[in-house]
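Q: Using my numbering, you'd call the opening residue of the sequence shown number 8 and step up by one each time.
Simulated from the structure, these hints should not be mistaken for lab results. Some hints could be false.
Calculated pairs, DSBU-like style, for lysine-lysine (alpha carbon to alpha carbon, straight line, at most 30 Å) [unchecked claim]: (1) 428 x 133; (2) 191 x 95; (3) 217 x 133; (4) 180 x 245.
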Amino acid sequence: MRIINKKYLLIIMLVGITLTGVIFLKPSKEEILDNVILKQEVNNKTFAMYKEDNENKYVPVTDTKFPEGYALNVTESNCIDNNGNEIKNALSYENGEVTITSGKTIYCYLYFDKTLGVEIKEKEPKGLQTDKIRGAMYRYQGQAKDENNNELVNNYICFGTSDLKECTANLDKYMYRIIGIEAKTGRVKVIKKEALNETVQWWDNYDEDKTFPESRIYEALTKFLNDKEYVPEGWENKISDNTWTYGDMDNSSFGANQKAEELYQIESGQSGTNWSEKVEEGTIGAEEFTVTSDSSYTHVGETFYFLNHTNEKWINTFDSKVSLMYLHDYVYAVGDTANCHVAQGTHQICQTSWIHISQNDPDVNGDSIHEWTMTRLGWLPSNGFFLGLYINNSGSVYNWGINGSHFVRPVFYIDASQTLKNGIGTISEPFIIKS
8 MRIINKKYLL
18 IIMLVGITLT
28 GVIFLKPSKE
38 EILDNVILKQ
48 EVNNKTFAMY
58 KEDNENKYVP
68 VTDTKFPEGY
78 ALNVTESNCI
88 DNNGNEIKNA
98 LSYENGEVTI
108 TSGKTIYCYL
118 YFDKTLGVEI
128 KEKEPKGLQT
138 DKIRGAMYRY
148 QGQAKDENNN
158 ELVNNYICFG
168 TSDLKECTAN
178 LDKYMYRIIG
188 IEAKTGRVKV
198 IKKEALNETV
208 QWWDNYDEDK
218 TFPESRIYEA
228 LTKFLNDKEY
238 VPEGWENKIS
248 DNTWTYGDMD
258 NSSFGANQKA
268 EELYQIESGQ
278 SGTNWSEKVE
288 EGTIGAEEFT
298 VTSDSSYTHV
308 GETFYFLNHT
318 NEKWINTFDS
328 KVSLMYLHDY
338 VYAVGDTANC
348 HVAQGTHQIC
358 QTSWIHISQN
368 DPDVNGDSIH
378 EWTMTRLGWL
388 PSNGFFLGLY
398 INNSGSVYNW
408 GINGSHFVRP
418 VFYIDASQTL
428 KNGIGTISEP
438 FIIKS
């Protein structure tokens, strides 16, 4: 393997469904393992690809895609048979996975281009945490500025224009901040620096169950995406298609020093939210609980009954280019362990992070700036209505009836195929995407 015009070139040979392989360009090491079609040592790193059972997807032996941070150039890559004839439409690439569809012996020349995420990482901006344990992303974390007003997190990026002066003169239209870089694909997740102009209700009635795709918020985001003032002609194509999860977060899922990873696992659909509800004796599924001396209940020895729940609503998904911030995004912006606790429904997590400082500044826009998150708190029987979670002007997460009106800030992924024009990530010299 070597770098050719800033592209990785990989040559593999596929023989029907027999997993044999060969690499050219004189690698320092080559061997065939069970189910592995390629393995070699390059710059003291081991790369290996294998074929999934009963599929034509080739993925790496390690937990990363091959090569990480690079995307397959389908136009330049090609496959040929033993006679040198080109095989058309044999290659496809999506979310870091190469799919080769051919049942005969072919040689595939795979070219991988730098992604937008790799280009940004190579600039070594301040605040970018470069290991990928943070929700499968490289994340920007920490305070926006120090006590001397120096930038600590260089994650400003323009979207909607490739003209620096136009971008910096219209911060409310074109300026965004990078949440992070998706490790396996190189896509760049961004949030609009300023919220949309008008507040939005989740839904008109607080006692009616409406999912995120049915919400007024989603209507506002769709309107934003179709507004040429924010997303000019051709720029929508620079936004990557994405599948988003949504659901409710029960009160008892919040806890002191809750880690972002726990929220991420819930909000990405990998883990349910568990809680217990006190019920009457004889309720189906109820478990008996006896009060002990160290219990918070009043009478030692008294018996209560609880029904345990697992919130599975986070397995629900919808496809859209644009959405909102998750709670775990806000927590990761602070650090790996959130500075948070539960007090009268408040889940405090982001007072010290760049994400709060960069949003609508209360010094400019008043003290009533509240912004919706992707997350609802769900049905609250004591109040008799559904609650949504929002970020208030102090940087804490709070709940409110879904008929409340708060601001929204669009979030989306800039496609990995985009390239940088210039910039270093500061507000005066933000990253600029080529038009």
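Q: Within 30 Å, alpha carbon to alpha carbon, are residue 191 and residue 95?
A: 26 Å, holds
Q: Hinted pair, alpha-carbon criterion (30 Å max): residue 217, residue 133. Please report holds or violated.
A: Not satisfied, since the Cα-Cα distance of roughly 40 Å exceeds 30 Å.
Q: Against the 30 Å threshold, does the CA-CA distance of residue 428 and residue 133 hold or violate the hint?
A: 19 Å, holds
Q: Straight-line Cα separation of residue 180 and residue 245 no greater than 30 Å?
A: 16 Å, holds
In terms of the numbered hints stated before, the structure departs from hint 3 and from no other.
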